[in-house]
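**Student:** Put together the whole structure using the sequences plus the hints.
First residue of the sequence shown? That's 614 in the working numbering, and the numbers climb one at a time after it.
Hints are computed from structural coordinates only; laboratory data are not their basis. Take these hints with a grain of salt, some might be off.
[Said to hold, decoys possible] Once the Cα atoms are required to be at most 25 angstroms apart in a straight line, the calculated DSS-like pairs of lysine-lysine come out as:
#, residue 1, residue 2
1, Lys-734, Lys-781
2, Lys-710, Lys-723
3, Lys-750, Lys-716
4, Lys-710, Lys-752
5, Lys-734, Lys-752
6, Lys-781, Lys-752
7, Lys-786, Lys-745
8, Lys-734, Lys-710
9, Lys-781, Lys-745
10, Lys-723, Lys-745
11, Lys-723, Lys-752
12, Lys-781, Lys-750
13, Lys-734, Lys-723
[Claimed, not checked] Here are the in silico distance ranges between beta carbons for each label pair:
#, residue 1, residue 2, range
14, Lys-781, Gly-919, 26 to 34 angstroms
15, Ala-715, Asn-756, 21 to 29 angstroms
16, Glu-751, Glu-787, 30 to 38 angstroms
17, Pro-783, Thr-711, 49 to 57 angstroms
18, Pro-929, Tyr-791, 14 to 22 angstroms
19, Thr-780, Asp-905, 28 to 36 angstroms
Just so you know, these numbers come straight off a predicted model, no measurement behind them. Glycine included, C-beta positions come from ideal geometry on N, C-alpha and C.
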Amino acid sequence: MTGSFRQVFYGPRVEVLIIQLLLWATVIVSICNVLPVKANGNGDDDGAGNDDWLDRMAKSSSNEEVQPGRFNTKHDAGRMDLEVDVGSSAASGQSAKTIIVAKDGSGHFKTVQAAVDSIPKSNSQRVIIAIKAGIYKEKVTVNVPWVTFQGAGPRLTEIQWGDMASTKGPDGKELGTYRSASVAINGDHFTAKDISFRNTAPPPPGGAVGRQAVALRISGDMAAFLNVNFYGAQDTLYDHNGRHYFYKCLIEGSIDFIFGNGRSLYLECRLHSIASPSGSLTAQKRLTTNEDTGFSFVRCVVTGSGSIYLGRAWGPASRVVFSFTYFDNIILPQGWFDCADPTRQK
Numbered sequence: 614m615t616g617s618f619r620q621v622f623y624g625p626r627v628e629v630l631i632i633q634l635l636l637w638a639t640v641i642v643s644i645c646n647v648l649p650v651k652a653n654g655n656g657d658d659d660g661a662g663n664d665d666w667l668d669r670m671a672k673s674s675s676n677e678e679v680q681p682g683r684f685n686t687k688h689d690a691g692r693m694d695l696e697v698d699v700g701s702s703a704a705s706g707q708s709a710k711t712i713i714v715a716k717d718g719s720g721h722f723k724t725v726q727a728a729v730d731s732i733p734k735s736n737s738q739r740v741i742i743a744i745k746a747g748i749y750k751e752k753v754t755v756n757v758p759w760v761t762f763q764g765a766g767p768r769l770t771e772i773q774w775g776d777m778a779s780t781k782g783p784d785g786k787e788l789g790t791y792r793s794a795s796v797a798i799n800g801d802h803f804t805a806k807d808i809s810f811r812n813t814a815p816p817p818p819g820g821a822v823g824r825q826a827v828a829l830r831i832s833g834d835m836a837a838f839l840n841v842n843f844y845g846a847q848d849t850l851y852d853h854n855g856r857h858y859f860y861k862c863l864i865e866g867s868i869d870f871i872f873g874n875g876r877s878l879y880l881e882c883r884l885h886s887i888a889s890p891s892g893s894l895t896a897q898k899r900l901t902t903n904e905d906t907g908f909s910f911v912r913c914v915v916t917g918s919g920s921i922y923l924g925r926a927w928g929p930a931s932r933v934v935f936s937f938t939y940f941d942n943i944i945l946p947q948g949w950f951d952c953a954d955p956t957r958q959k
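**Tutor:** Listed below in structure tokens is the structure:
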């Protein structure tokens, strides 16, 4: 594998450092409220949980350098032991409630959606849905806040479905990209750890219409994904709206496989292309320079097949930053595609 380390961007040059600092500071600080704080035996905040958690995250994200080939060649980031406490509720200070999902009937529910549906709409308590090993073939929607999906490992626990934008819904109309998601997260303060999300629709041929197939859509604010794998082809991860944090994740796809208008930090993630013969990594949709949205990739690894753009300017003011990132030799020389609109070069 040959490649190089680069720092690249799409957007006004004078904004790059500000973008990185704002995304880093805002998203990391917000994650203190996304994940449950450390609690004592009574389920109360021990007074230092948020600070301790932030310190651990800052240290873990600053001590490791990116090395070529640090992930194996089987397109799986593997399981990583992350220093994150998911044992209590940041919302109320109460101990978190745990719901167990198991396909064999040994838990509270056999399906993930049934577990989600058991949570009241007015929920203000961290609810951990512990999903035992297995492939859960179901379409899942989370509309309530403070939910955690805890898997047994990204190679052991997976939620998958196969809808595409052209798939007909119950109303007889095409779903569209938004509703094609195998897993849709609309509630705030969502977290996922040690799990995989997949859209099983096959990669589309060149020029195909209606083949967008989302593995996960995140529309809630202040969400964190830790050691999570996302598998798909066109439009794998819909980073739709809100502040989001991705740490040591694997995102795999072929065309626009990270897209949307979120304000998100991707730290030490692997971005893997399965494009054939060509594709694009991102499609960011910032509409105006007044919006504070954008994607920031820090200490990531870009690998895979095909010849890909780093991004397509989906919005007139698209903003994407890659810092201290390793690129395999698959990036098209021009780097970015302006969607045939020269004004989006600025």
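**Student:** Confirm or reject each hint.
**Tutor:** Here is what the structure says about each hint:
For the suggested pair Lys-734 and Lys-781, the alpha carbons sit about 28 angstroms apart, so the restraint of at most 25 angstroms is broken. Between Lys-710 and Lys-723 the alpha-carbon distance is near 18 angstroms, which keeps this suggested pair within the 25 angstroms criterion. Proximity of Lys-750 to Lys-716 is assessed by CA-CA distance (about 10 angstroms); at most 25 angstroms being required, the pair is judged to hold. Of the pairs offered as hints, the one joining Lys-710 and Lys-752 holds, with about 23 angstroms between alpha carbons and a cut-off of 25 angstroms not exceeded.
The straight-line distance between the Cα atoms of Lys-734 and Lys-752 is roughly 19 angstroms, inside the 25 angstroms bound, and the hint therefore holds. Distance restraint check for Lys-781 and Lys-752: the Cα-Cα separation of roughly 14 angstroms lies within the 25 angstroms cut-off, and the hinted pair is therefore satisfied. For the given pair, Lys-786 sits about 35 angstroms from Lys-745 by alpha-carbon distance, which is inconsistent with the 25 angstroms threshold. This hinted pair checks out: Lys-734 and Lys-710 have alpha carbons roughly 15 angstroms apart, not beyond 25 angstroms.
The straight-line distance between the Cα atoms of Lys-781 and Lys-745 is roughly 31 angstroms, outside the 25 angstroms bound, and the hint therefore fails. Under the criterion of a C-alpha separation no larger than 25 angstroms, the hint pairing Lys-723 with Lys-745 is consistent with the structure, at around 10 angstroms. Between Lys-723 and Lys-752 the CA atoms are separated by roughly 14 angstroms; this keeps the pair inside 25 angstroms, and the hint holds. Pair hint Lys-781 plus Lys-750 holds up; C-alpha atoms about 18 angstroms apart against a cutoff of 25 angstroms.
Distance check on the hinted pair: Lys-734 and Lys-723 sit about 21 angstroms apart at the alpha-carbon level, within 25 angstroms; holds. Between Lys-781 and Gly-919 the beta carbons are some 30 angstroms apart, a value that agrees with the proposed interval 26 to 34 angstroms. For the hinted restraint 21 to 29 angstroms between Ala-715 and Asn-756, the CB-CB distance of approximately 23 angstroms keeps it satisfied. Hint check: Glu-751 to Glu-787, Cβ distance near 21 angstroms, so the stated range 30 to 38 angstroms is violated.
Roughly 32 angstroms separates the CB atoms of Pro-783 and Thr-711, a value that falls outside the hinted 49 to 57 angstroms. For the pair Pro-929 and Tyr-791, the beta carbons lie near 20 angstroms from each other, so the given range of 14 to 22 angstroms is met. The beta-carbon spacing between Thr-780 and Asp-905, approximately 34 angstroms, falls within the hinted interval of 28 to 36 angstroms.
Hint compliance for this structure: hints 1, 7, 9, 16 and 17 are not met, and every other hint is.
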